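S.K.: From just these sequences and the hints, can you work out the full model?
Protein chains: 4
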Amino acid sequence: MTTNNHTKKIPVGILGATGMVGQKFIELLSNHPWFEIVALAASEKSQGKQYGEAMKWMMDVPLSPHLANMAVQACLPTLPCQIVFSGLDGEVAGEIEEQFAEAGYVVISNARHHRMVSDVPLLIPEVNSEHLELVKWQRFSKGMIVTNPNCSVVGLATALKPLVNQWGIDQVNVVTMQAISGAGYPGVPSYDILDNVIPFISGEEEKIETEPLKILGTLQEKRIEPYAMRISAQCNRVAVMNGHLECVSVKLRNPATSAEIIRAWQTFSGEPQAFHLPTSPSSPILYLFDERHPQPKLHRHLNQGMSVSIGRLRKCPVLDWKFTLLSHNTIRGAAGCAILNAELLIRKGYIKHDIKTWEDDKPDFVSQQEVDEQSFV
Amino acid sequence: MTTNNHTKKIPVGILGATGMVGQKFIELLSNHPWFEIVALAASEKSQGKQYGEAMKWMMDVPLSPHLANMAVQACLPTLPCQIVFSGLDGEVAGEIEEQFAEAGYVVISNARHHRMVSDVPLLIPEVNSEHLELVKWQRFSKGMIVTNPNCSVVGLATALKPLVNQWGIDQVNVVTMQAISGAGYPGVPSYDILDNVIPFISGEEEKIETEPLKILGTLQEKRIEPYAMRISAQCNRVAVMNGHLECVSVKLRNPATSAEIIRAWQTFSGEPQAFHLPTSPSSPILYLFDERHPQPKLHRHLNQGMSVSIGRLRKCPVLDWKFTLLSHNTIRGAAGCAILNAELLIRKGYIKHDIKTWEDDKPDFVSQQEVDEQSFV
Amino acid sequence: MTTNNHTKKIPVGILGATGMVGQKFIELLSNHPWFEIVALAASEKSQGKQYGEAMKWMMDVPLSPHLANMAVQACLPTLPCQIVFSGLDGEVAGEIEEQFAEAGYVVISNARHHRMVSDVPLLIPEVNSEHLELVKWQRFSKGMIVTNPNCSVVGLATALKPLVNQWGIDQVNVVTMQAISGAGYPGVPSYDILDNVIPFISGEEEKIETEPLKILGTLQEKRIEPYAMRISAQCNRVAVMNGHLECVSVKLRNPATSAEIIRAWQTFSGEPQAFHLPTSPSSPILYLFDERHPQPKLHRHLNQGMSVSIGRLRKCPVLDWKFTLLSHNTIRGAAGCAILNAELLIRKGYIKHDIKTWEDDKPDFVSQQEVDEQSFV
Amino acid sequence: MTTNNHTKKIPVGILGATGMVGQKFIELLSNHPWFEIVALAASEKSQGKQYGEAMKWMMDVPLSPHLANMAVQACLPTLPCQIVFSGLDGEVAGEIEEQFAEAGYVVISNARHHRMVSDVPLLIPEVNSEHLELVKWQRFSKGMIVTNPNCSVVGLATALKPLVNQWGIDQVNVVTMQAISGAGYPGVPSYDILDNVIPFISGEEEKIETEPLKILGTLQEKRIEPYAMRISAQCNRVAVMNGHLECVSVKLRNPATSAEIIRAWQTFSGEPQAFHLPTSPSSPILYLFDERHPQPKLHRHLNQGMSVSIGRLRKCPVLDWKFTLLSHNTIRGAAGCAILNAELLIRKGYIKHDIKTWEDDKPDFVSQQEVDEQSFV
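First to last, the protein sequences are chains A, B, C and D.
Numbering that gives the first Met the number 0 puts the first sequence at residues 0 to 376.
Numbering that gives the first Met the number 0 puts the second sequence at residues 0 to 376.
Numbering that gives the first Met the number 0 puts the third sequence at residues 0 to 376.
Numbering that gives the first Met the number 0 puts the fourth sequence at residues 0 to 376.
Heads up, a few of these hints could be off.
Since the list can't tell identical chains apart, any single copy or any two copies may satisfy a pair.
[Stated by the list, open to error] Cut-off 25 Å, straight-line C-alpha distance, at most; resulting in silico cross-link-like pairs (SDA-like, lysine to any residue):
1) K141 <-> E205
2) K206 <-> K250
3) K206 <-> D289
4) K8 <-> E369
5) K48 <-> V37
6) K48 <-> E224
7) K347 <-> S29
8) K44 <-> I261
9) K44 <-> G93
Please keep in mind that the hints were generated in silico from the structure rather than gathered at the bench.
Please read all numbers here as calculations on a predicted model, not as lab measurements.
M.R.: Given below as structure tokens:
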């Protein structure tokens, strides 16, 4: 709300600023300790307008007057910053993001276009930060493209990672119940979803069945060797605003006990935690012991939407174990994950800048220890 | 609406008449060609009241003045009829239903209590009508108890039966998204389900993992040999009024093609169809080819809620095949199935009566052929 | 479902057949005793396609294969019928409907364009059937245009009419809670309406404040003298599929008692009832005595959606009386009202035809007497 | 989250701590700069249990381990504090609250029981802080009872106050669309409200038609002279989690322009603002110029739920002006208003304490000036 003195922050731009993901970037970056939004870019029909006039603001937190008055620019690599966050639609993202990368920009993309390209990191900072190294082999001289996974994949791959580490996984079956915010705006007509479930989301099952294999894969000479397991996904749209719920069953390569699995989740941690990155939750995974949890409405905002909540771990008569997970689809599953990617890039020295990022205070997030002590979860 | 001349119909009573299932029995029986409701029985707090005063009517079709004025009786075996439909709660159903059976009544029960008892048929008329024979060995001299499965099981077991017949099944994974009407009334608080999914329904997963094994089992000397397969279930409550949606994957014992499976479903038929029972749909299973189908709101009322709708059959990377099914939980999954059980008992001569049931006209239901010709499904 | 012998029915066409109102026309006319749909017309992008391919069918009742296979035609006055029902959008309805009327067609329109034109009847058959005479002075040699009111106005004007007749009305205050189906398809984005109310519907308040004055006005020499009263409307969109609920308060010109007002509503009847028109409810208004009624989900389908339900009549501390009314917005408030208009035109001899319409059987609707006897309302 | 050093805070207790309002008190007080919760009291069935075990926590913010472990006490005037907040049910509140007041406690009550008692202030701090003086004449030697209004009344009376001040009001018509959280828990069954509106809330209309007259009345010798105007209310329950929306029309005593009314709202301010009380919003009323606003989902959380949002001011054809208002029913309309009452009591010296409250920092709330500059409202 107050007029910040932004002189020491890193300037960033938003591509696709008017869409649902673009707005979420703006909301999450509005008080970011490292980044300052200096450019908003969108498609032709918004260009030249004031941002506040160019879109319908959908976020909970009011848009600042400063950004509302900012003129929307074209998605051309002339933006006054080095880093751009891309919330572009998959159809147009490919070409535009490459233009930016070729022009020397660091493109932090939420779009699906480059995710499975061999030299592009598909990153969840807690899960596979070592994949960042791929950018060294990208064909761009100075720029680079880093992507985050599909909104349903982030929660799933995060939940699977500690199991992969400790026991290995052979098979995964997942059925999703996905929030309407994942379909963008106007997205799902109310006539279709009120008093209903839609058992189909175009292209979603394919992403869930492939992206985790790359994410959980091994960095080898200039490429990722995919993790060898099979995933089967069935995707449904439900009348929930935010938060994707997933019923998962897994077949492990080695035997585990329930207590061991829960402990693996609870103790799971990665570079964002080690570096105390600003957007990093204290625990990437929270295990909830109440058999009715996790629930989208109750738990999507835990740790400001950056933790994956898991519950109901129990034996599966068909595979080995089954459980339910929840992650906030537009925060952990999209804009929040992308911002964490950018923070990691900076902290690991991939992007040059003048500020001492690692001295920033850590936000006050919920740790697994606190969850254990709380009665509500 | 009109005052019927009921003289030729078979008198029936409803146990647990004030609850959600009891009301559904009344709605579905209100214009039944064979049955006439002559007694409404419920727990002590309703007894003596006029039925219209004793409960809050929740059905879409108005309650007839005749039944609204009927006095609610105690659940004692003194009702003026031979057949009683039981919509009693599981907690009290056991004792009451046995009292009635011992007193010579035919108890058609929707309650869970007797479902897994070895000499009680757990019946879906299209699936295992031969199990009816079990009643011969029931300990009751003249009465009997016949049950229908849990509301989520009816759709599942019906969908699995043609596959069991033709290829055999080894493993089933099912994730349900269940309607709020399944929780009775007042049931799920709106505060819990609006903008939410609840990933837990008490006792439901256990029923889904066991009941189908009995239903698909083989009648042997005085008992059912359970079908040998493993089922894993994960149950969720969603903000849908009626209609349980289930994401299913199966491992078959023998190879099948997609076309063969669909054909097995489309041509599936049982005694209710052969006998043209009044409540029988022309096709127990309708296959919908639109990849967005089935949906609760669009398809739960097909064939007046008595058909199971299936769609999205495709290869499963983990098991063999996956698909989505839908059945109306309070009709096909509860009261409608029970009424079909009663019709079958009569038609097969298990209950003596004076009317020529098989000359009744068949209601105008949707056949698979018509579905194939329709654009909406 | 069965192949009807249509030879004796009156052929009709649907303009704007692919939209929500057009689909409702098709649903309601699919088993109509007098009319047979012989032509489906829509905008350019649908022309030439099979109807089943040209739209997404949204109705509860399956589309018949016959209509699904019918080729969509242009909205040009070459359709093989004399009567057309118009579900066209307001923007294009004006010109097209006039072309049809000039070419000799009887246009039964639900569009807003001609409603307030001085020589066009704005008709609710029970309320102002005498206004039909206006068509004599229309400029079209043989054709004519007849309109029905806005979906919120039908229920309101029907409820007000008996009060106007008996006591006169000076002032009306109305706040509506309108269903999403009134916004067409895709209409209201789910992101906007889930867990929300939108307190604005473009153009709606103006219609509610003016259309009833014409409907309740007096036919004079070639025109309608508007009824002299003031109406204030505030319109809201709520998360309801079908059924507009309205909180109304009125100031009467002469004193009335509660019992007198209820009796005026209960005994209200018009030409549709006198003529036993096929789509006519036995009672245009049903009064419900339970203080929690009417409710959209419980009562919108009473009399197949053709009755207006009223409840909660009580003294108003500001005006004189207040009450709540409900009417089904796409049936009584749109397509059903239009069809009743067409039936009235035929029965009163405005359209020549060869069939004896008045000998048809009356459908079995709920009368106020039956409502009084039922406990559920 | 952190273990606070509470030594300097004022100890308070919560009566009815397990209910919805009690939980909201706990949530809002959990980081309060002046108050520290030292006692949780509830009905017999919760007594002795740990608070975390005694109820189902419904709030968004996790319950702190400290409070979860606190033992629930009886509602007896032996609690170790001077101030108690009462979220008791209306049925039991009367007797218990009087016991506490007689024992010398300051009872800040949200219950309806004492609201209309002549010597009890019915307080909205911005609207009628001068009524606090009533407590001087209360029969309790040392204790006192102060109440806040019904959840629908707080928003209405706040919106009316500037109009009363400047022009006077003769008549008010209000139709509410109220959130389900107002019905407590379990409250409204989902079966009743999904795809529905319930046009009745027991006792609500009476409160709305009477409480504002006292609130807007004039303090005279030991009593309040009610404001002389007539209010008519119609109340509806809608499928919204939080936030009561109200369509209001008013007849003023003197002419006003639209600009003047908006300015009166925007500049409205009271003692909470003058004193910078911790829970006070910078502006009690925010005027939103977008004709689609206010909406529950978008605006209920403005100023942390403590501002009333108003929009759509326009001429009313029946009375003079009409508009739509929104206030958060469990914050501004209940627990938040009560806490503000307590803060005012302390700041004005009605309660003795040792801390310098008025030097506390002001939270960062949205002012009308900021709203004017923002595009989203």
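S.K.: Against the earlier hints, flag every one the structure doesn't satisfy and list their numbers going up.
M.R.: The structure breaks hints 1, 6, 8; every other hint is satisfied.
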